[in-house]
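Asker: Okay, here's what each chain looks like letter by letter:
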Amino acid sequence: MRASNAEWDFMGRTFLVWSLANLGLREPERKAQYLPVMDQIISETVKIEGQNGIYSFLMPYARERPFVAKPARSCFLDGEIALMMGARRLLQDDAAWKKSMTERLAVIEQRLRSNPLMAMESYPNECWTYDHVLALAAFRLQDRLDGTDHRALCRDWMATAKQHLIDKKTGLLWSAYTLDGAALYGPEGSTIWMVAHCLRVLDEGFARDQYDRAKKELGRVILGFGYGLEWPASWTGPMDVDSGMVVPGLGVSAGSSGMAFIAAASFQDWPFLQALSSTLDLAGFPEREKGRLKYCASNQVGDAAILYAAVLGPMWQVIEKQDKAVGGSHPE
Amino acid sequence: MNGRIKLFWDRVRAAGPFSATSFAARAAMIVVAYAVSRAAGLQEYTTFLSGTPPNPRLSWQVGATLGMIHLFLYFAFVLLAPIFLMTAGALSGWARWRAGPDK
Numbered sequence: 045m046r047a048s049n050a051e052w053d054f055m056g057r058t059f060l061v062w063s064l065a066n067l068g069l070r071e072p073e074r075k076a077q078y079l080p081v082m083d084q085i086i087s088e089t090v091k092i093e094g095q096n097g098i099y100s101f102l103m104p105y106a107r108e109r110p111f112v113a114k115p116a117r118s119c120f121l122d123g124e125i126a127l128m129m130g131a132r133r134l135l136q137d138d139a140a141w142k143k144s145m146t147e148r149l150a151v152i153e154q155r156l157r158s159n160p161l162m163a164m165e166s167y168p169n170e171c172w173t174y175d176h177v178l179a180l181a182a183f184r185l186q187d188r189l190d191g192t193d194h195r196a197l198c199r200d201w202m203a204t205a206k207q208h209l210i211d212k213k214t215g216l217l218w219s220a221y222t223l224d225g226a227a228l229y230g231p232e233g234s235t236i237w238m239v240a241h242c243l244r245v246l247d248e249g250f251a252r253d254q255y256d257r258a259k260k261e262l263g264r265v266i267l268g269f270g271y272g273l274e275w276p277a278s279w280t281g282p283m284d285v286d287s288g289m290v291v292p293g294l295g296v297s298a299g300s301s302g303m304a305f306i307a308a309a310s311f312q313d314w315p316f317l318q319a320l321s322s323t324l325d326l327a328g329f330p331e332r333e334k335g336r337l338k339y340c341a342s343n344q345v346g347d348a349a350i351l352y353a354a355v356l357g358p359m360w361q362v363i364e365k366q367d368k369a370v371g372g373s374h375p376e
Numbered sequence: 004m005n006g007r008i009k010l011f012w013d014r015v016r017a018a019g020p021f022s023a024t025s026f027a028a029r030a031a032m033i034v035v036a037y038a039v040s041r042a043a044g045l046q047e048y049t050t051f052l053s054g055t056p057p058n059p060r061l062s063w064q065v066g067a068t069l070g071m072i073h074l075f076l077y078f079a080f081v082l083l084a085p086i087f088l089m090t091a092g093a094l095s096g097w098a099r100w101r102a103g104p105d106k
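Sequences listed follow chains A and B, in order. Under our numbering, think of the first position of the first sequence as 45, with each following residue one higher. Under our numbering, think of the first position of the second sequence as 4, with each following residue one higher.
It is worth saying that the hints were derived from the structure and are not from the lab. These numbers were taken from a predicted model, which means no experiment stands behind them. Using N, Cα and C, we set each Cβ at its ideal position, and we do this for glycine too. There could be a bad hint or two in this list.
[Claimed, not checked] So the derived label-pair ranges between C-beta atoms look like this:
| id | chain 1 | residue 1 | chain 2 | residue 2 | range |
| --- | --- | --- | --- | --- | --- |
| 1 | A | Ala203 | B | Met89 | 55 to 61 angstroms |
| 2 | B | Met89 | A | Ala227 | 50 to 56 angstroms |
| 3 | A | Leu294 | B | Asp13 | 40 to 46 angstroms |
Just chain A, same shape as in the assembly (with noise of 0.2 angstroms):
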């Protein structure tokens, strides 16, 4: 899968791990089986990272020019290495993994604070909004397990978004800006499904907010079969990576539909949820043999993403746990 699309491969690593989380947070008698798996997945995925740099996990583009902010870091990888970490810790705290996690948090706090938009690169001079909200929760874990406090950082980032980020036209947040604030992409369903879902451990009220929009905008439900556009009207752009294959007349696309999947089972939509199912097993190709599910038109990070809808909750619930004990985590 890494030689084929290097991110996929990596994503298709930390939905799993997050997934496991939650699943082991579910059914705590079997920690005993997720931990190694999961530790080994992150070992492998560090492992990789340390032989070959950050470039193992990033696009070839990532190589034709230089990151602005030096040593080069990736939000991307820094952030979802930091909540593999932080998901592995809350089923059973492991010092290593505490370690690495807060460098990798620190990094992330020290660049964040260093740029005027909060924002730190993902690929050169390209900052996602979905790597930060990512690296924002991770955060919020870290202050869950180790008693750390990152409201203010949180806050401040919450308000820079508000206020910079957003597209006038649909009320969404961008999917990719530069390092001064430019915009690189619009709202894109792969990315702003997913930013919904994070949000809700940053600023509930926004979350449900581009949640709705989103569905608005990119949600559609056409005789009980639902699908995920990747552009809304007032925006398009090119069918890339991340967006998949887009079904020319219905605008389908495969990575806005995976996504809103995500969204959908965290904000409890469960007619428009029912409908994406009905869509996956009419066009998704199920085997099901010997108890085992697999989509044929999937990949290795499109199965781990519908897994991770299928099992989110918990990981969640433990940051608003924590947030209703402290009385809130984010007043405006």
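Starting from the structure of chain A, add chain B where the hints point.
Answerer: For chain B alone, coordinates are given in the frame of chain A:
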């Protein structure tokens, strides 16, 4: 075997394009073609839909073409074949009703 196929084909042609026999024959052909595609494992090539190379040993174009063939046969199987069969049943029932009760 060839003789039987020829006989079957002659009957279908003689029945006319909008006859119950023709619709049933079309449904049968779709079912057979889809069964062959499944048996050959072409469903694995539909992974091109998620932008993933179906088989590293085949070129992207060949893999996607095989996936497209399965895609069309699958939708023919789930959408067209049942419609053809229902049409064949309706036409057959209509013909019997028009012919009146057996004496």
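Asker: Would you list, in rising numerical order, the hints stated earlier that this structure does not obey?
Answerer: Violated: none.
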